[in-house]
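Protein chains in written order, with my numbering: chain A, 239 to 583; chain B, 657 to 1046.
Since the hints were derived computationally from the structure, they do not count as laboratory data.
Mixed in with the good hints there might be a few duds.
List time: in silico SDA-like cross-link candidates among lysine to any residue, alpha-carbon distance up to 25 Å [what the hints assert, rightly or not]:
id, chain 1, residue 1, chain 2, residue 2
1, A, Lys381, B, Tyr722
2, A, Lys563, B, Val1025
3, A, Lys563, B, Gly846
4, A, Lys381, B, Met720
5, A, Lys381, B, Glu815
6, A, Lys381, B, Glu873
7, A, Lys381, B, Met687
8, A, Lys563, B, Met720
9, A, Lys279, B, Gln694
10, A, Lys381, B, Val719
11, A, Lys381, B, Leu689
12, A, Lys279, B, Thr804
13, A, Lys381, B, Glu717
14, A, Lys311, B, Gln694
15, A, Lys279, A, Glu469
16, A, Lys381, B, Pro1019
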Amino acid sequence: MTVFNLAIELAYWQQTVIRSILGLVAVLLPAGTLVYLYLFKMMSFMQSRLGPMEAGPYGSLQLLAEVGKFLQKEDLFPRAADRVVFKAAPFVVLASTFLLVLVLPAGPDAWFINIDTGVFLALAVSSISVIGILMAGWGSASKYSLIGGLRAAGQLVAYELPLVLAVMGVVIQAGTLNVQEIVLAQANGEIFGWGGIGNPFIITQFLGFVIFLIAIQAELTQPPFDMPVAESEIVTGYLTEYTGMRFLLFFIGEFATAGIFSALAATFFLGGWYIPGLDPTSNLFNLIGPLVLVGKMLLVSFLIFWFRFTYPRFREDQLQQLAWKVLVPLSLLNIVATGVLKVVF
Amino acid sequence: MNLEASTQQLSYIANQASDARVNIELETEGMTLNLGPQHPATHGTLRIIVRLDGEQVVSAEPVMGYMHRGYEKLTEVRTYPQVTTLVNRIDWLGSFANEVPFILAAERLMEVEAPPRAQWIRTALFELSRIANVVLFLGDMAVQLGATTPVFYAFRDREFVLNQIESVTGGRFHPNFDRIGGIKDDLPKGWIQETKDVLSRIHSFCDEMEDLVVGNEIFQTRTRGIGIIPADTGLAYGLSGANIRSSGVDWDLRRDGGVGLIHDQLDWKVWTHPDGDSFARYWVRLQEVRESCKMVSQILDGIPSGPIMAKVPRIIKVPPGEAYVETENPLGIMGYYIISKGDLVPYRVKIRSASFNNVSITPWVLKGVYVPDVISILASLYFILGDIDR
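With the rest of the complex left out, here is chain B (with noise of 0.2 Å):
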């Protein structure tokens, strides 16, 4: 090597070297940001690690568990017909709908079924919780991204739908109303014309929302293409209900379930849609809030006579033996899985809740969007805290 050629690589070497160090120098610190506990759009406590550089996101963790109460272990101390109060607080916004696998569960240990009249009452209100807890969605969805009126209407046409609850069950938020082996009572008097105006109310809300929502140019701009979860990455996730539904998968356990509500009986439809972003998120559960007023409309024309409750003893001893019921929430799947060693109370129980899965994606998508961007999926993908922690 003569000496040009080594000054040359010498001062070659030198400026890669300074370069790298320019790089490093360059290279700014990432941001840690911790969206929750306490935080305005988590409507709970939800934390999020986030890792910002600059306003992208390099990677999100969800953390669970602030708000868990306990509730399986809770179970093991308290009789089958205690039970449903504790699980109604679960997913607070559609409470009924709690109840009611769990009641399947134990009627099926038990082998007992539930009368007609009995069961079609419990689905219509499995469906109008649904519409409480959806209707809510679709108004909180707009207020994540800026647009603070849509959720006074929908607290406002929400409250119709708990009012007819609460003069069936007594309870708005709780009602604690199944019972196994039927319901607690019958259909109070006037009922059936009373929710038949509601549910043209939750018509017209929904029209409203599909004109005031669904048509605004900023919140498509907002929300088509983003947060898009494709089918298997939802399916090897364990995502469910209208998560899964508006990736493209036609799969609803009211259809496909056949456990023992009488969705069956009802003419409905499933609703897909391919996209699989925030917007097909929020159009999906806009359908299904229609397609659940036509089910509480058919049922309420379609509803038997007969007793509401089966033959039962007055001191509920299940079994011994297990048992696993799901049902399709408003929030996605819900199973409980039930241990019996033939006691007043169960030996274990299992609950499969949705939002805990809905979460759990959340690494996977956020990965590389913007910080308002994590918001708008985060609402999309919609979970109830209590429905993550039990």
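The following block holds chain A by itself, in its conformation from the complex (with noise of 0.2 Å):
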């Protein structure tokens, strides 16, 4: 296989470049997808309707006319918002997002970066968002963004733990922290002693992949969890005041971070990289490991959007409930029971 060998020897330099390069490339691409696949065509289908059919063939090249209309706007702030609060939140939430797709691993030697504790980085990253919202609900000073950026951070507080909690049991399951050795373990892994298609966690996680998808759902503060954006009440809470490149920002960075919990999901629960039939060291993998992963996030995220479109939105309290009452107990009861059983198997 030596036609696939991507082993150049390369100087850290360089190596750091392409990394940022493609760290570019996987934030954005993952965002553009998900954008003109789910929220422009599929929805558009799903309502009987074309969507936009008029920029490039079957609106292709929409997205672009969208971003060229986002940077020819006027960069406006309200006159009473705390204007570097107003500036920062935006970046504070892309950096997040950002910091998230570290540690995703796209094939055997394809990582950014491959850590022993890429699961708990993951996880403290994605909760930098809340700061960043908190901070675009202060600063914008209006009242709907108030109301919607303190319904953000209850919302994503909330529903942090059952996030965390579900991959508790991944994690006890494959015995380890680190997100690489994660997809090892479900590609090398048996099921009963048969080891043909590996041993993908969402066959016996799968309460922690469906609490999981929810948990994400209410941290995109997607419908039926989108109570701080709420359009037809407050507006767009916190989003309310911003227009133009900051407001791209903002929408960059929910589709990006869409993209990459997705990709997150199909790492914990599908088998990342990996699909069965080939061996897991293969060099093979280098090449088309990203490929398998986005098709696997695009079925991931394909719930995420088919769920955004059919339900109406819970009220704070209610989704309150459904985090505390209900998902808390049920991923404790999951990890106690993933950590009895693999003390018995």
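Join the two chains, each given in its own frame, into one complex according to the hints.
Here it is as structure tokens:
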């Protein structure tokens, strides 16, 4: 397999440059794909309309047109806004997204960082976005923004817990916090001695997968958990006062995070970059691994967007009840069951 | 009083005072939120001043009049046939229904009665405009609760109803079709069969909404037990239409009113719901669309032949007198009080529109609810801004 051998010797700075560029691609590409494929097209087909059709074939260049429009807009500030906080908020949200993509492995050697506490890092940096959203809500000096920001903070803190606890089952089963090794544990795993498809954790951790999906839906503030941006009551919550470039940054942040959370779900529960039938150490995976990961990511995010377009939203107290009274006990139960079964088998 | 006791007493008083001070310091100031006049949920220019304690509403006060167009005054300088053009625009989603009570009141003053065929066609269009109106509510309520999809289905299927109205009257939104003594034109060729197809489409739309919205658990948790209006309170505030029927009051002017429409010759049912909450209001309206479909299909089968205009003079002068006619319009009871002095124009017209009264209950019903429920309750009360402000 020398054809696919990519292990070229590169200097550290060369690797860093390549990784930075690929990181940008890894954030922007899923965001663009999700927006076009699901937000523009799938949503339209579900709602018996065509969606964008004019810009490019089947409206495929619509996204570029939208970005161009946002870039041209004036950078407005509300008069009473806290300017520094208002300006910085979108970057804080986006920073959380960029940090989140770091831990994702896309092949045996295709990773940004490979550390033993990858899961811990991912879950820690994912909550930085709460600070950004609170900053946006407070800095806008608008009542709608303030309500939206506070709702968002309450919601994100509440759903952080089920998110973390749902992953704990995977961590216990794989026996490691290293994301790469979680993928390998699934690739090399066996289902009662049969190793044909490895052991994707969705089979044993189905409850964890469901809780994880619900929690990321809430973390992304998408319907049915979009109370913080509920456009029919508090306009768009913390986004109300943003226009142009800064709104675009929030927008990219939201959809890129949707993509990366889906990729994380795919990595934790669906086997990540691995597809059955090949040797997981094969160099081939450095090439097709990213594509496999994107494919699985699209599968998971399809579910996210499907729920998004179908359900009405929960009220603030109802979604808090769902988090604390249902999801947290269930995920604790999942951890206990996983731990007991791990010891027994 | 000895010294010891007095120090104890003083310290007690001091404690009380400091507690009181802390309480005053801790008491958070309420926030006043202006919902509207420009707000995505009011689909128009209704302003609601809400005083909030956290997310809870302390008091709510609707401010109307941002869309006041002065129709009552304008009618005084319009001849009777010209008035229908104006009143079309009161409830713009079911506009034909606005013309009917005015025309009926004028007919009562002139002592004219429309021929049977005209009455049947009038009733058919009256019910079609109800369908066109309430179908949009069925989708809009869901969109207020955050589900974006149903409203597109509503617009999709409402389009066919509007097409049928257009092919009879020539106007999609503002037909201006009703005349004193009858209607303007007869039905076009093939209209009856086409309308039957449209009705089956609306039937399947209702089934779709029953599955997609009414059966949805989140929709039920958001609407059941929210915004309960007891029957006597609702009647005291002058609620009408589906809003009062969903509080269990069995009162429908189409059955009980006995004015110049032919609902009493049709086989249909008045739906009520005992709960009086937002869910009941949605459910009752859903059933009413089905009943309207039933009525229209019966009308299509049994429509009599004959003339469509009674004998009325070319230049309409209404004899002096007063008349008040109210009908069960899509939003509730709509009535016109006409005073005529025998001129070409009415001397005074008072319009009683349903949404004005339906909105007036908001200070009572919104007290103590959460901000998200403000929107769902307002959506379920279902007002049209033109119908509030006239």
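Hints, one by one, checked against the model:
no.	hint	in the structure
1	A/Lys381 - B/Tyr722	holds, 22 Å
2	A/Lys563 - B/Val1025	holds, 22 Å
3	A/Lys563 - B/Gly846	violated, 59 Å
4	A/Lys381 - B/Met720	holds, 22 Å
5	A/Lys381 - B/Glu815	violated, 38 Å
6	A/Lys381 - B/Glu873	violated, 30 Å
7	A/Lys381 - B/Met687	holds, 8 Å
8	A/Lys563 - B/Met720	violated, 42 Å
9	A/Lys279 - B/Gln694	violated, 30 Å
10	A/Lys381 - B/Val719	holds, 19 Å
11	A/Lys381 - B/Leu689	holds, 7 Å
12	A/Lys279 - B/Thr804	holds, 15 Å
13	A/Lys381 - B/Glu717	holds, 18 Å
14	A/Lys311 - B/Gln694	holds, 22 Å
15	A/Lys279 - A/Glu469	holds, 21 Å
16	A/Lys381 - B/Pro1019	holds, 21 Å
In terms of the numbered hints stated before, the structure departs from hints 3, 5, 6, 8 and 9, listed from lowest to highest.
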